[in-house]
Amino acid sequence: MIPDTLKTKLKRRVAAAITNREAAIDVMKSLQAHYGWLTDEAVQEAAEIVGLSTLQIEELATFYEMIYRRPVGRRVIHACDSISCWAMGGEALLAHLSGHLEIKVGETTADGAFTLLPCCCLGNCGEAPTMMIGDTIYGRVTLESALEILKRERGEI
Amino acid sequence: MPKLIIDDITVEVAEGVTVLEAAQSVDIPIPHFCWHPALGKAGACRVCAVKLLDGPIKGIQMSCMLPAQDGMVVSTVDPEAVAMRQQVIEWLMINHPHDCPVCDEGGQCQLQDYTIACGHGLRRYDGKKRTHLNQDLGPNIEHEMNRCIQCYRCARFYQEFAGGTDFGVMGSASRVYFGRFEDGELQSPFSGNLVDICPTGVFTDKTARFRARYWDFDMAPSICPECSLGCNTTPVARYRELLKISARHNDAVNGWFICDRGRFADKKVNSFDRPRVPLVNGSSSGWGDAVDAVAKKAAEFAPGSIAVVASSRLANEGAALLPDLARALSGAKLCFFSNEVICRASITAASQITPHMAASLDDVASADCIVIYECDLRQEAPMMLLAVRQAWRKGAPVFLVGKGAPLEQAAAVSVEAVDLDIIVEAPIGIFDRPVIIFSTMRSSAAEIKNLMAAEAKFAPLFDGPNGMGMAKLAAANSTISLESAVKSGLIKGIITIECVIADELRGEIPIIAALDWQMNSSVKNAGVFLPTTAWVEMNGTFVNNEGRAQQFKKVMAPGIPVSATLESGHPPRIHSLDVPGGEPKPAWEVITEIMKRL
Amino acid sequence: MEQILFRHNRPGRVVTFEEYRSEGGFSALKKGLTTMSPDGVQQTVIDSGMRGRGGAGFPTGKKWSFVPRNLPGPRWLICNCDEMEPGTYKDRILLESNPYSLVEGIILACYAIGVRHAFIFIRRGYEQAAANLKNAVAEAHGAGFLGENIFGSGFSCDVDIHLSAGRYICGEETALMNSLEGRRANPRAKPPFPAIKGLWGGPTVVNNVESLANVPYIIAHGAEWFKGTAATAEASGMKLFCVSGHVANPGCFELPLGTRLGEIIYGPCGGMRHGSSFKACLPGGASTPYLTAEQLDVAMDFDPVAKEGSRLGTGGIVVFDQHTCMVGATLNLVRFYARESCGWCTPCREGLPYVVHLLEKIEAGQGREEHIQILKEHVQRLNYAFCALAPGAMGPVDGLLRHFEDEVREHITKSRCPFGGS
Ligand SMILES: Cc1cc2nc3c(=O)[nH]c(=O)nc-3n(C[C@H](O)[C@H](O)[C@H](O)COP(=O)(O)O)c2cc1C
Ligand code: SF4
Ligand code: SF4
Ligand code: SF4
Ligand code: FES
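Chains as they are written, first to last, in our numbering: chain A, 1 to 157; chain B, 1 to 598; chain C, 1 to 422.
Wrong hints could be hidden among the right ones.
[Unchecked claim] In the PhoX-like style, the derived pairs of lysine-lysine whose C-alpha atoms are separated by at most 25 Å in a straight line are:
{"no.": "1", "chain 1": "B", "residue 1": "LYS51", "chain 2": "C", "residue 2": "LYS190"}
{"no.": "2", "chain 1": "B", "residue 1": "LYS3", "chain 2": "B", "residue 2": "LYS41"}
{"no.": "3", "chain 1": "B", "residue 1": "LYS129", "chain 2": "C", "residue 2": "LYS376"}
These are computed hints drawn from the structure, not numbers from a lab.
Just need the whole structure built from these sequences, with the hints factored in.
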């Protein structure tokens, strides 16, 4: 369950919206930030806060890329697989990450630290290959620097 | 009025009509999945491609999206258009399971038809097929998502047209999924229309699953007997069993849809326990003896001491004979209604309303103001609620007047209604096309008289499919309610015609004879029982709530369903040349038989 | 060379509000609101001949003029900062260095169209740009450039920032409106066009970040000046070209519209990276057909690039060298589109995975001659999709089949990828 303060804040967001629906994405994102992913419980809560049905929240949640309807690790690695990164070795980087983390693309590491997902162009094409971990964008990632970055994201350095 | 040429035929249509509809108007069929007359255009499936050879727009266009314009020259047979339509079918068939042999849609499947029509016969794609898990959508509707062609009709109907909130579309790209948040029964009172509106076999009627093939159906145009609106239906039967009911299109009445009550109501017609043979004092008897017995018993009563009681379940053909029957029974009291208040309310509504004042469902859907007066449409006329929603979607305010009009009914179709205590608070006067909906079961004659003084159209609701017909006949034949007949103390015996009488009302008065097709207390207590046919077993007429007389046709012959089993698990063993259980006759025929004996 | 949008740039950081103002920032706003009528602002933008920088190249002022003048009810302006087209990152670079030109441009556009309330729709991943914009909007409010009665002109305006939850299709203007309304981002049918019936049914203008950011400079210096900054007489204004791929020095450069492709690659980009030679490029983002080495002379402006069989698109140039398998590149591009399809219409939802399947087979050496024919049919028939995503997705396939059919066929005849791809 979310704390009352968050609920009040989100209800205020909905009240300020032009229509309830307009606030739906914001509400889902806040709930996701709270839980780590949009749990079934979060869908129920979002529905109640926004004034839609759970199905109507699900219609949105399953459409948008950055709403996770399955558990993810503490950090989600979004490795760009679009054309500029592809041209600059993005496929190798993704394979490297997957090998190093010992997970397949789409999976979460056993310690729950990382989920590895391919993603669309991150708008950092000039610095390809690119990946995003949480809200941080990393460019010109090499096979070596990738491991450094993971260490830093793990809090090891 | 744009004038255009489609495949060398000149067509003139009203402004705003699409090329697809213009073609339909001259019997040129253009394949379509996502376009639906009630839902309009979506432009999603792209199978309605035609080529514009000349005029203001040229090239391949989707005919469902394109308003007809002057000077257009349209070809539906141009090779490029044909190739595009074939391509669309190929795309749709890439992931289709091709499981027609085990699909209830087979034979009435738009996907089958258009796959043949568009000429896609050879599979070129050799990749894997996408598959989905199905959901349990409750007892009525089967879900088989792999057959989906993503035309979005279901989601558009469910949420936009019917205001349901628990079913829709999830996912994106090539993984869109039509279903619920989780397994469970669909909540909309109109969910069954998914079965009709889905052009493929994703939604099929679970209650009749695997029971018959389309080409083996016994079916005929019929009318729903579940309320007084007279929605048009097509019941489907096979081997003397009513299997399922689907909506039949009628723009003035129900449009393309019916409610779940009409579709999934208990199929009492099939009941093995249904009384099917004439009974005299509880023992089966031949028709002749039974009718003789009625005449003989009736003769024992003094003139004017018998009440002939009918209900609005009775079709007009039978009802129209009742005044003659009453006379033949030496002045029997004729009662078309049991309850005094309802009787007077019904007669008032029926005699005050003129064809000009009566609102059809279509009038309701195009009203600019709706008043629902002291009634709950969920109970009394579900399809009226769907019509109200259409008016609301176009901007009409909806007023719920009185405690008898709960807000929950509006919520059932996601309509935001205004709750009022009394009718004068509704600003009817400022609207051009207001409609007032009321019920003869909830409002008194005086209230109705008062209501009907307003400048508006009216949609009265009655207590059964032939309610208006009965009320009109009742008014024309100076009938009284059974309640007042009994109160007079003169009634010593009752004949019921497709009618159940409350025990308190009847008291000690014996039922001389009962005509019916359902088992009920009248039948159980009757001296003589005469089995009548149900609406699907006969031709007949119901007059709906707005005074529209609509015929229903015989779908099947009466008889014990071939599939019937006894408690032992065996089918009944009946050895006879006649159809077992085939005795019931239409009520009008039975009434005629009785009159012949009097 | 004179810069327009990049003129305030500070190395490694965002320009401050004070710096921007001290260099003439918001003077165009004052000029517009206090000395020009809304029609005057609109006319100046029309006269400038600026074409939209979001991909379709529709003249910006003309788009504004489609908004009915006297319709009651709210009307809206949406700034499209969805920028998810692979190879495109110009809007991010701009907003990470200077968010103020956009804010100023939005207010001027609102003034010209009579909009009280504008939205900036920002994609996921552009958190820095969003933060900059939030600050800029707050600062503009503080200085009285936003809010009630700006400059005492009687004109009031507010800007809201909407953070997307991610999907390429949200960049399509009608899908964007659905997304803003909290719906699934399926595009809407046109007509009615957004200028007549858009966000919440009201007249709506959708403009790209770069288009709007240029507006203050057009107002400040005039239509003729703006036109004159282009490299050719036909072109108008400067353009942000963001280059990626196998060049020595990829980056985002503001250059006169109409600069030759070769001049961009061998100028600011420093030519090809070591050991590489130019094979082909996407001239304007992932949806534009390839240009080849023979076409390096094309002036990078809307019509000249169209004449070469491609599109200027977003100005996102992705360069490929001689080691690139064009089947592999195209496969990557179509995979992106197949995944980003909104799932509404059949050609895109089913056709793109079909194309992916065929390209996968060809790349894996399992292609057959008839696959080329099926691909050609798809290039044709995906034009009949509901929105521009699917035809855009076929851009690279079209380019592949026009310029590199031999390379495709080589995959088929050799039963393997000649570049050693899988
Ligand atoms: C699939 C698709 C994605 C698009 N993405 C963007 C985008 O991210 N940013 C953008 O400005 N325009 C995008 N557009 C173009 C917009 O629909 C619209 O034309 C543009 O925002 C108008 O701005 P302009 O007139 O200033 O160019 C996209 C179009 C399509 C079909
Ligand atoms: S939906 Fe139609 S085509 Fe598909 S299996 Fe059923 S009958 Fe066959
Ligand atoms: S389930 Fe049926 S109606 Fe719904 S989208 Fe699929 S094919 Fe169309
Ligand atoms: S082409 Fe069709 S499926 Fe693809 S994004 Fe556009 S509307 Fe959606
Ligand atoms: S019927 Fe025209 S696109 Fe589906």
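Hints versus structure:
1. As the CA atoms of LYS51 of chain B and LYS190 of chain C are separated by approximately 19 Å, the hinted pair is consistent with the 25 Å bound.
2. Using a Cα cut-off of 25 Å, the hinted pair LYS3 of chain B and LYS41 of chain B holds, with the two alpha carbons roughly 21 Å apart.
3. Between LYS129 of chain B and LYS376 of chain C, the direct Cα distance comes to roughly 23 Å. Compliance with the 25 Å bound is thereby established for this hinted pair.
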